[in-house]
Amino acid sequence: DTEVTQTPKHLVMGMTNKKSLKCEQHMGHRAMYWYKQKAKKPPELMFVYSYEKLSINESVPSRFSPECPNSSLLNLHLHALQPEDSALYLCASSQEVNGYNSPLHFGNGTRLTVT
Amino acid sequence: AQSVTQLGSHVSVSEGALVLLRCNYSSSVPPYLFWYVQYPNQGLQLLLKYTSAATLVKGINGFEAEFKKSETSFHLTKPSAHMRDAAEYFCAVSESQGGKLIFGQGTELSVKP
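Read top to bottom, the protein sequences are chains A and B. Under our numbering, the first residue of the first sequence carries the number 1, and numbering increases by one thereafter. Under our numbering, the first residue of the second sequence carries the number 1, and numbering increases by one thereafter.
Heads up, some of the hints might be wrong.
Derived lysine to aspartate or glutamate pairs resembling DMTMM-like cross-links, with alpha carbons at most 25 angstroms apart [what the hints assert, rightly or not]: (1) K9/A x E88/B; (2) K100/B x E96/A; (3) K100/B x E67/A; (4) K100/B x E24/A; (5) K53/A x E67/A; (6) K100/B x E44/A; (7) K40/A x E108/B; (8) K58/B x E3/A; (9) K38/A x E108/B; (10) K36/A x E108/B; (11) K100/B x E3/A; (12) K36/A x D85/B; (13) K100/B x D85/A.
Honestly, the hints are just simulated from the structure, not real lab data. These figures come from a predicted structure and were not determined experimentally.
Okay, chain A solo, but in the shape it has when bound (with noise of 0.2 angstroms):
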């Protein structure tokens, strides 16, 4: 079992729709990932958080906006997407930003459908 989780598990959307993800971690990290995965292609990175603010946007599109309400949830509100931005959405926390010294911890993903 994944120590984090993310809600729902599957999402289908219209173009029109507006839907959130859900992340939550209870290990006390301080810092939460968004990343983005193409079928049969490495995770792309979206957003980081660092104690709650944010400090990295790999230039996301608006139509994608990152949440941190607190330390231990991460919200990705969704709106006016488009087809090609059907993938798995996965949210990753680690204990600091400096990923040589804390490895990320995924949660299982939110697969993603804009129809």
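Put chain B on the given structure of chain A with help from the hints.
Just chain B now, kept in the frame of chain A:
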């Protein structure tokens, strides 16, 4: 800039055979290297990490990797493959600051009975 190259997008072995997944890195500073495994319909799980303490790193599920600076390699091995090892394996290098992981393209391991 740091980068990772995984040689072979797909590797197939027989059950009980040696597993060898290749990873070469490029880094201008001492690298921090990782192997992650992704089982179908799951997230990534850390197998092992190299952080300069020892060149031979032992991980979970019987996997190990050896850091060879002269060859800029960090190949993953397991003496005897099991059916449950079938998965996607990613080698990754960490940037020195910011915690950004640079992933290789991944190697899909198939295990034949």
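Among the hints numbered above, which are violated by the structure, and what are their numbers in rising order? As far as the earlier hints go, not one is violated by this structure.
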